[in-house]
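As they're listed, the protein sequences go chains Z and G. In the working numbering, each number is its position in the first sequence, counted from 1, plus 9. In the working numbering, each number is its position in the second sequence, counted from 1, plus 3.
By construction, these hints were calculated from the structure, which means they are not laboratory data. Treat the numbers as computed from the prediction; the structure is a model and nothing was measured. Worth double-checking, as some hints may not be accurate.
Taking lysine to aspartate or glutamate and the DMTMM-like style, the derived pairs with C-alpha atoms no more than 25 angstroms apart in a straight line are [as the list claims (entries may be wrong)]:
1. Z:K45 <-> Z:E24
2. G:K103 <-> Z:E208
3. G:K103 <-> Z:E213
4. Z:K144 <-> G:E24
5. Z:K77 <-> G:E24
6. G:K103 <-> Z:E175
7. Z:K152 <-> G:E208
8. G:K29 <-> Z:E224
9. Z:K127 <-> G:E285
10. Z:K41 <-> Z:E292
11. Z:K232 <-> Z:E44
12. G:K70 <-> Z:D83
13. G:K28 <-> Z:E110
14. G:K70 <-> Z:E98
15. G:K29 <-> Z:E110
16. G:K103 <-> Z:D83
17. Z:K107 <-> G:E285
18. G:K237 <-> Z:E44
19. G:K103 <-> Z:E224
20. G:K28 <-> Z:E224
21. Z:K107 <-> G:E24
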Amino acid sequence: MSAVIETEALTKVYEGAVKGQDVHALTNLSIKVDEKEIFGYLGPNGSGKTTTIKLLLGLIFPTAGRMKILGSPDIGARAVRTNIGYLPEGAYYPEFLKGEEVLSFYGHLYGMTGRDLKTRIDRVLDVVGMSRARKRTVRGYSKGMRQRIGLAQALLSDPQILILDEPTTGLDPIARKEIRDILASLRDQGKTLLISSHELLEVELISDRVGILSEGELQACGKLTDLLSDRDTEIEVSGATPDALTRLAEAGIRVGDQVDTKASLRVPGEVPLYTAIERCKAEKLALVSVSPQRETLEEFFVRIIGEDEEKRRTSQ
Amino acid sequence: MTAPVNFLSSVWTIAIYTWREGIRKKVLIGFLILSILVLFGAQFMTAFLTVPRSAGELETSIDVQLKMVKDICVTVISIFGALIAIFISASVVPSEIENKVVYTVLSKPIRRFQYLIGKFLGVQFIIIVNLALMAGLFFVALWVKEGVLPTLLLWSALLTYFEFLIVSSFTFAVSCACTSAVVPTILGLFIYITGNLTEYLKDVERRSGQTALWLDEWTGKLARWLYLTLPNLKHFSLKTQILFLEPNDPPRDVQMMALVIYALVYALAGYIIAYWVFRRREM
């Protein structure tokens with residue numbers, strides 16, 4: 010698959026008013042977003058996610074590094090811009106305009122007019138499920154409806170790439186699910202989606218690959234199956250004694266919750282499961298259950314960010 | 004669509020959107036209502052202020068009353084029109100940056116200079132419509148009172164627009180570098196006020212240098228620099244002629260075309276500054 014978004018050592022430094030107070034918003038970011046994938050772009054507040062998006066859209070300018078969109082380094086070119094749909098976080102749409110007027114405004118900016126524009130508006134309103142509310146003014150829209158209109162304006166030119174900044178933040182669970190379904194259907198239609206989000210569960214559910222950013226630096230990037238593959242296995246045992254558990258801990262098996270003689274053991278990836286089970290048998294523990302524990306994206310995220318913070322503290 | 008048509012279509016779309024959003028601004032509507040109230044109120048106010056004591060005074064009284072009405076109305080149009088022009092020019096770009104509309108617009112196939120032209124045109128539509136409303140009311144009132152078409156007022160309104168064009172273009176330029184409308188509004192007012200006082204600046208320059216004090220000398224230099232740089236907005240006022248000439252007289256001693264070109268050159272300079280500031284502005 011070819012990359013439709015590519016950055017190489019992309020760096021953004023905001024100059025401070027006083028020398029030495031520069032803010033390094035992004036440092037040597039090199040990522041590739043392949044076509045027809047959903048790329049989840051994650052990071053805590055201020056980690057540089059929105060900065061990256063603004064750089065890709067030409068709203069701000071890089072201090073160093075290169076970017077290519079659809080193979081073109083001229084990210085402002087008409088052919089490139091027409092192929093990018095963008096939904097900013099918490100976007101505002103004029104309250105006095107009707108839903109279809111908002112889309113008409115943005116459609117004209119793409120150079121669409123007349124029947125073409127009308128057909129396209131009908132199509133995107135249908136995709137985002139807003140056909141029935143098209144004649145209502147934005148003033149009367151709920152947060153979810155505003156987000157859908159935002160998504161509709163991003164889809165107007167039938168772009169190859171969609172860049173969505175926090176598309177589900179602040180929405181109720183039903184609206185979230187609806188937006189998530191729309192995004193998944195867009196992926197099925199062959200669109201490439203770059204989704205910046207705090208909602209880790211949402212991202213985990215729909216992303217093919219993720220990139221995790223911390224303090225402007227990329228900490229991890231890859232397929233979820235690869236990143237989350239280093240799994241623990243949970244073994245539940247009964248008949249556990251404190252001595253037996255101590256010996257298991259010495260063998261590298263982590264001991265979790267204990268209730269009476271029942272205990273939950275966590276076997277890390279580096280300890281072969283067979284060895285762990287043999288050890289339990291040797292301690293005369295009865296196996297209740299053995300279940301592979303899939304690390305969630307949230308756990309992975311917290312671990313990666315925690316490690317990065319620890320590294321920074323140590324280096325200071 | 005071809006490239007030039009695309010270009011114009013996008014500019015026009017932004018201009019119309021700016022106009023539609025701008026005319027809904029509460030402050031602007033407030034200024035407009037207030038100015039219309041004063042325009043109406045002037046008719047009654049002057050009637051009370053100039054009550055004739057004898058039949059002989061009646062004719063003089065009507066003449067004085069009319070002059071007062073004209074004076075008040077021309078001043079109101081000028082001041083409220085300028086306030087509207089300054090406020091709207093100062094706020095359109097900063098408010099779009101604040102509410103992030105600019106993100107969705109500039110992520111479309113739109114160049115920054117197109118966006119700015121559209122915004123600037125939208126501002127001019129608002130100024131023109133407001134001015135037309137205020138001047139239109141005054142025009143009708145004068146027509147009814149004097150029985151002849153006050154064409155001189157139309158010339159005055161035209162020149163007033165070009166005065167506002169100069170003020171709004173510089174206010175707009177400053178607003179392109181700001182995150183709120185406060186600083187550009189203050190600077191817009193500064194340009195409007197000093198632009199109407201440039202003759203005094205010449206006077207200040209003439210009087211400076213009479214003492215050996217450095218402050219005196221530098222004040223003179225500053226006054227000269229301001230005189231040469233700032234537009235002379237007094238040239239755009241036909242107030243005296245409206246007061247003392249017949250309502251349908253042509254304007255006298257005014258080089259209309261030269262003033263229009265003068266205003267357009269200043270407006271172009273304002274737009275160039277706006278673009279120069281905005282082209283590398285980080286959103």
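Given pair status - E110 (chain Z), K29 (chain G), alpha carbons within 25 angstroms: holds (22 angstroms)
Holds or violated: K107 (chain Z) to E24 (chain G), with C-alpha atoms at most 25 angstroms apart: Cα-Cα ~13 angstroms, so holds.
Restraint status (C-alpha distance of K152 (chain Z) to E208 (chain G) at most 25 angstroms): violated (60 angstroms)
25 angstroms limit on alpha-carbon distance, applied to hinted pair K41 (chain Z) and E292 (chain Z): violated (50 angstroms)
Holds or violated: K70 (chain G) to E98 (chain Z), with C-alpha atoms at most 25 angstroms apart: With a Cα-Cα distance of about 57 angstroms, the restraint between K70 (chain G) and E98 (chain Z) is violated, given a limit of 25 angstroms.
Agreement of K28 (chain G) and E110 (chain Z) with the hint, judged by alpha carbon distance not exceeding 25 angstroms: holds (19 angstroms)
Hint consistency between K144 (chain Z) and E24 (chain G) [alpha-carbon to alpha-carbon, up to 25 angstroms]: holds (18 angstroms)
Proposed proximity, E44 (chain Z) with K237 (chain G) (alpha carbon, max 25 angstroms): With Cα atoms ~62 angstroms apart, K237 (chain G) and E44 (chain Z) exceed 25 angstroms; violated.
Agreement of K77 (chain Z) and E24 (chain G) with the hint, judged by alpha carbon distance not exceeding 25 angstroms: Distance ~36 angstroms between K77 (chain Z) and E24 (chain G) Cα, so the pair is violated.
Pair hint K103 (chain G) and E175 (chain Z), alpha-carbon separation not exceeding 25 angstroms: Holds - the C-alpha atoms of E175 (chain Z) and K103 (chain G) are around 14 angstroms apart, at most 25 angstroms.
Hinted pair K70 (chain G) and D83 (chain Z), Cα distance within 25 angstroms: Violated: K70 (chain G) and D83 (chain Z) sit about 63 angstroms apart, past 25 angstroms.
Satisfaction of hint between E208 (chain Z) and K103 (chain G), Cα-Cα up to 25 angstroms: holds (22 angstroms)
Figure legend: structure checked against the earlier numbered hints; hints not met, in rising order: 1, 3, 5, 7, 8, 9, 10, 12, 14, 17, 18, 20.
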